[in-house]
Amino acid sequence: MTAPAAAAAPADEPRLSREHMLDLLKQMIRIRRFEDKCYELYTQEKIRGFMHLYDGEEAIAVGIIPVLDKRDRIVATYREHGQALVRGVPMTTIMAEMYGKQEGCSRGRGGSMHLFDRATNFYGGNAIVGGGLPLSIGLALADHMRRNDIVTACFFGEGAVAEGEFHESMNLAALWELPVLFVCENNLYAMGTALTISESETDIERKAACYRIASEAVDGMDVIAVEAAARRAVHSVRDTGKPYFLECRTYRLRAHSMFDAQLYRDRAEVETWRQKGPIARLLDRMQTNQVLDPEDGSRIDAEVDAEIAEAVAFAEAGTWEPVEQLTRFTYAESAIPADR
Amino acid sequence: MVEFRMPSLGSDMEAGTLVEWLVKPGDRVKRGDIVAVIETQKGAIEIETFQPGQIEQILVEVHTKVPVGTPLALIRTEGEAKSGAAVVSRPPPPAAPRAAAPLRVPAAPSLPPVAPSAAAPLRVSPAARRLAQERGVDLSAVTGSGPAGTITYADVERRLAAAVAAPEKKRAPWLDLEAMRAAIAAAMARSKREIPHYYLEHQVDVTACEQWLTQKNATLPPDNRVLIGALAIKAAALAARRFPAFNGFYRDNKFEPAQAVHIGVAIAIRGGGLAAPALHDADQLALDELMSQLRDLVQRTRTGRIRSSEISDPTLTVSSLGERGVEALYGIIYPPQVAIIGFGKTVLRPWVVDGAIGPRSVITITLSADHRVSDGHAGALFLAEIGRLLQEPNKL
Amino acid sequence: MQQATVQSTTIETTYREAVREAIRDAIKRDKRVFLMGEDVGRYGGCYAVTKGLLVELGPEKIRDTPLSESGFTGAGIGAAIAGMRPIVELMTVNFSLLALDQILNTAATVRHMSGNQCGVPLVIRMATGAGRQLAAQHSHSLEGWYAHIAGIKVLAPATLEDARGMLWTALEDPDPVLIFENVMLYNMIGKLAGDAGPVDIDKAAVRRPGRDVSLITYGGSLWKTLDAATALAAEGIEAEVVDLRSLRPLDDATIMTSVAKTRRAVIVDEGWRSGSLAAEVGMRIVEQAFYSLDAPIGRVCSEEVPIPYPKHLEEAAIPQTPKIIAAAKAALGRL
Numbered sequence: 009m010t011a012p013a014a015a016a017a018p019a020d021e022p023r024l025s026r027e028h029m030l031d032l033l034k035q036m037i038r039i040r041r042f043e044d045k046c047y048e049l050y051t052q053e054k055i056r057g058f059m060h061l062y063d064g065e066e067a068i069a070v071g072i073i074p075v076l077d078k079r080d081r082i083v084a085t086y087r088e089h090g091q092a093l094v095r096g097v098p099m100t101t102i103m104a105e106m107y108g109k110q111e112g113c114s115r116g117r118g119g120s121m122h123l124f125d126r127a128t129n130f131y132g133g134n135a136i137v138g139g140g141l142p143l144s145i146g147l148a149l150a151d152h153m154r155r156n157d158i159v160t161a162c163f164f165g166e167g168a169v170a171e172g173e174f175h176e177s178m179n180l181a182a183l184w185e186l187p188v189l190f191v192c193e194n195n196l197y198a199m200g201t202a203l204t205i206s207e208s209e210t211d212i213e214r215k216a217a218c219y220r221i222a223s224e225a226v227d228g229m230d231v232i233a234v235e236a237a238a239r240r241a242v243h244s245v246r247d248t249g250k251p252y253f254l255e256c257r258t259y260r261l262r263a264h265s266m267f268d269a270q271l272y273r274d275r276a277e278v279e280t281w282r283q284k285g286p287i288a289r290l291l292d293r294m295q296t297n298q299v300l301d302p303e304d305g306s307r308i309d310a311e312v313d314a315e316i317a318e319a320v321a322f323a324e325a326g327t328w329e330p331v332e333q334l335t336r337f338t339y340a341e342s343a344i345p346a347d348r
Numbered sequence: 002m003v004e005f006r007m008p009s010l011g012s013d014m015e016a017g018t019l020v021e022w023l024v025k026p027g028d029r030v031k032r033g034d035i036v037a038v039i040e041t042q043k044g045a046i047e048i049e050t051f052q053p054g055q056i057e058q059i060l061v062e063v064h065t066k067v068p069v070g071t072p073l074a075l076i077r078t079e080g081e082a083k084s085g086a087a088v089v090s091r092p093p094p095p096a097a098p099r100a101a102a103p104l105r106v107p108a109a110p111s112l113p114p115v116a117p118s119a120a121a122p123l124r125v126s127p128a129a130r131r132l133a134q135e136r137g138v139d140l141s142a143v144t145g146s147g148p149a150g151t152i153t154y155a156d157v158e159r160r161l162a163a164a165v166a167a168p169e170k171k172r173a174p175w176l177d178l179e180a181m182r183a184a185i186a187a188a189m190a191r192s193k194r195e196i197p198h199y200y201l202e203h204q205v206d207v208t209a210c211e212q213w214l215t216q217k218n219a220t221l222p223p224d225n226r227v228l229i230g231a232l233a234i235k236a237a238a239l240a241a242r243r244f245p246a247f248n249g250f251y252r253d254n255k256f257e258p259a260q261a262v263h264i265g266v267a268i269a270i271r272g273g274g275l276a277a278p279a280l281h282d283a284d285q286l287a288l289d290e291l292m293s294q295l296r297d298l299v300q301r302t303r304t305g306r307i308r309s310s311e312i313s314d315p316t317l318t319v320s321s322l323g324e325r326g327v328e329a330l331y332g333i334i335y336p337p338q339v340a341i342i343g344f345g346k347t348v349l350r351p352w353v354v355d356g357a358i359g360p361r362s363v364i365t366i367t368l369s370a371d372h373r374v375s376d377g378h379a380g381a382l383f384l385a386e387i388g389r390l391l392q393e394p395n396k397l
Numbered sequence: 657m658q659q660a661t662v663q664s665t666t667i668e669t670t671y672r673e674a675v676r677e678a679i680r681d682a683i684k685r686d687k688r689v690f691l692m693g694e695d696v697g698r699y700g701g702c703y704a705v706t707k708g709l710l711v712e713l714g715p716e717k718i719r720d721t722p723l724s725e726s727g728f729t730g731a732g733i734g735a736a737i738a739g740m741r742p743i744v745e746l747m748t749v750n751f752s753l754l755a756l757d758q759i760l761n762t763a764a765t766v767r768h769m770s771g772n773q774c775g776v777p778l779v780i781r782m783a784t785g786a787g788r789q790l791a792a793q794h795s796h797s798l799e800g801w802y803a804h805i806a807g808i809k810v811l812a813p814a815t816l817e818d819a820r821g822m823l824w825t826a827l828e829d830p831d832p833v834l835i836f837e838n839v840m841l842y843n844m845i846g847k848l849a850g851d852a853g854p855v856d857i858d859k860a861a862v863r864r865p866g867r868d869v870s871l872i873t874y875g876g877s878l879w880k881t882l883d884a885a886t887a888l889a890a891e892g893i894e895a896e897v898v899d900l901r902s903l904r905p906l907d908d909a910t911i912m913t914s915v916a917k918t919r920r921a922v923i924v925d926e927g928w929r930s931g932s933l934a935a936e937v938g939m940r941i942v943e944q945a946f947y948s949l950d951a952p953i954g955r956v957c958s959e960e961v962p963i964p965y966p967k968h969l970e971e972a973a974i975p976q977t978p979k980i981i982a983a984a985k986a987a988l989g990r991l
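Chains as they are written, first to last, in my numbering: chain C, 9 to 348; chain U, 2 to 397; chain F, 657 to 991.
Hints listed in this document are in silico derivations from the structure and should not be mistaken for laboratory results. Don't be surprised by glycine CBs; every beta carbon is placed ideally from N, CA and C. Watch out, some of these pointers could steer you wrong.
Using 25 Å as the maximum straight-line C-alpha spacing, the simulated DSS-like pairs for lysine-lysine come out as follows [what the hints assert, rightly or not]:
1. K250(C) to K687(F)
2. K34(C) to K31(U)
3. K284(C) to K31(U)
Derived CB-CB ranges, DEER-like [stated by the list, open to error]:
4. K66(U) to E960(F): 47 to 57 Å
5. L723(F) to K66(U): 50 to 60 Å
6. E185(C) to D856(F): 47 to 57 Å
7. D309(C) to E21(U): 25 to 35 Å
8. K43(U) to D309(C): 29 to 39 Å
9. K687(F) to E185(C): 17 to 27 Å
10. S206(C) to K687(F): 16 to 26 Å
11. D274(C) to H804(F): 42 to 52 Å
Modelling step: build the complete structure from the supplied sequences, incorporating the hints.
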């Protein structure tokens, strides 16, 4: 499919109305406080296993996902609470999933790392680093073959760039001209390994050029900038049908997961980044533009806290799947039984 | 007041050591403030409070290692409650999903064993099958005690040892004489093949017994009268306690003395059958009780209502041919037992008592015993003991 | 339309051609179906299975991929989730190991992890087995390993009917199905009904009835086992040969019916002996037909060695007809 060169359409300009910025602010605060609550619940052993929080990276999910259509698809990693929330997976079912209750979005079978929601085209929640990239290629391949106007957004960390599957997927996406938006959330650390000691080329965006994929790098802490870049990216994919690579430069304010002593980075470094975090940045901008009212903060807090409380209550009231159902959902419950 | 507890930070974190308190009583804290540093196997981690308020009391001092969930400090909350879950005055105790969803995994659905479409086949373990083949046992006559009625090695052994197969429910006449004789033949043949028998005999004056019985039975209705056979069994049982080498089983090339004394009583069955079911714990039964049980045993044996445990439990057998019999009987040991005692009929004989000759009632008691387990000396003592016990019937 | 005659038309064809026809038929019948893999298009397939199909069906349906096993297997998974019915061809089971993560951690788990929201109706075909002196890295038989994984189904077509018919049924299955084609079978010539179509993919088949011993096998070993049965018959031993066809799920009922009849079992499996599929089948027989057995269960598997290059060593390493005959006789107590 051919397309005219995409000029910066009016829709691509940053939208700076008070309403819009308040919405962005609330979305980010919603994620931040949800993660905070999850942390608390984890320390109380309500949530178990591995849990990875999104603190500091909110601008990426909030800037990109609302730009996508409902029919578009999203593949994410194990650090996917933010993406799921922004996408519209109900907070109640996310929290129930974290608890392991059968009312969770994955019936409680997956937990924190495996949030799935077919209704919002949210395909996980993948725990193998790099594992979601070939999956994204496949979803996009199907859409390409059927001439669907659908974009698949694939979120992954910069650590995935070391995996062979990243390269295979980039190559396939470019070769077969697949409508994939690759979003690299570069938070500088793959668990405890700094980017500087694991990649020969630390300018991640440059890797896209090797596969002839259009690309851009953006300040991941600036939600306005991320949103504008996302619009350019999504338009590009829709117009050309070809992949696009968006590197978002960000930072993880919390540890990799719960049980992490962060021996690999300085506290001072973390504090510096905290001052430059996405929520602080937006608040600052709103204040400078004089679009922030004194009650906005407390109103947002109250709304968000109420939603979180409801989600926790929902999860607490949830039920455990009966043990007798253990072997269900390994295979489809169709005519050919296969779990003998 | 709210407890600030040692948080769980990972599934494999079981405890933490307090390294440093960053607050002290009186300090105000808000949600998210770091209040302490703990040391874990992964290194030092800062821990934060989710409860705003004022530190009231430190409960755990530095350098103390405590398990996850231990209260570390008390926080006095603000007077005005905030909305939302933060108002919870005490963090809810860790849910016990283990109780609700116990970690039992249901048994994997297994297909029932597939049998050929013919009528339910005999289930025989490989070991049993081989033994039956070696010893010529008809498996269809053996009752299985293994899972789902499987015939096990022990079942075939019991069949060999017992003189009669436990009657199977589906057989209409309770006594299959042919099968019984076949089983007896197999058992006796095996006994003679494997057990080196030696034989002793002892003549015992039982006049005292007779006199005592006459006296005792005078006041009893016929159905409750005690017979000399009961005295014989009791005496044998008591003596067996003193001489354990005659009470037990020889199996796997070794003798296993039995804990209890279950006397097998040889009982003839009309039509040519023979059984030797057990009187359990004969050494401990009061004589009246023993007699009553003996009666019951005989009656049930002769009507086919014997229990399989009675067949398999005897630790020592006593055989008597009664008043119709002969003076002495030399029995063949029922394997895996190691002895059989025979009581002949009571005969009036000239006897020397206090230097003079007079008539006495005399019974010849015989012992056939397994020479792998005992020898003549012990056998003699054993028989002598029986004879001695029979001199004091009131003590039996 | 001709009237059905007493003898329906049969054609003489090869296993390879039967697979090709299955692929062609599926792609023509259902536009969701397409095939992708290395060298399937221009090269015509490593084993010439797809020769001519690119020209006939076009590059959208027959897609050459780069050497990216993990990438294109994952792509197949994603496409299946999104509603296509892809056939991923992994050149051989030896290279499938590069895609093992996608197969085990994505294909087999997505339905479960998503709480039944997403299924993966994907078919993966691969060549398997030894016998062409391709040495250690190109001679694996890992069907038994794959049969260990909960969440997928595993097939081993050994006959022309199955090569022709299993693919369609597998494509209709809502869950991932792996089809293993033994390399030694591609050239096999046989007769196939002219109207051969889909077959079931969950039942074993008794290929040769018998009463003295059950020889249970699959895939490339089937024909060696049938040869062994012929040789045994000459000595008065009537062996029953059971072709498993489906390795996951295993058809316990057919296996146990056979063992109950013959009372003896020998399992022939080209995988390495330790932890083999034969061990699984043997254990099931112990669980379900213990009391039917007259002899210990035997097995003929590959020796504990990476497959060697020289012909005589390779032959000695994998199951062969004489070993199967010997194992059958041992079960009968005759040596």
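Hints violated by the structure (numbers, ascending): Checked against the structure, the hints that fail are numbers 6, 10, while the rest are satisfied.
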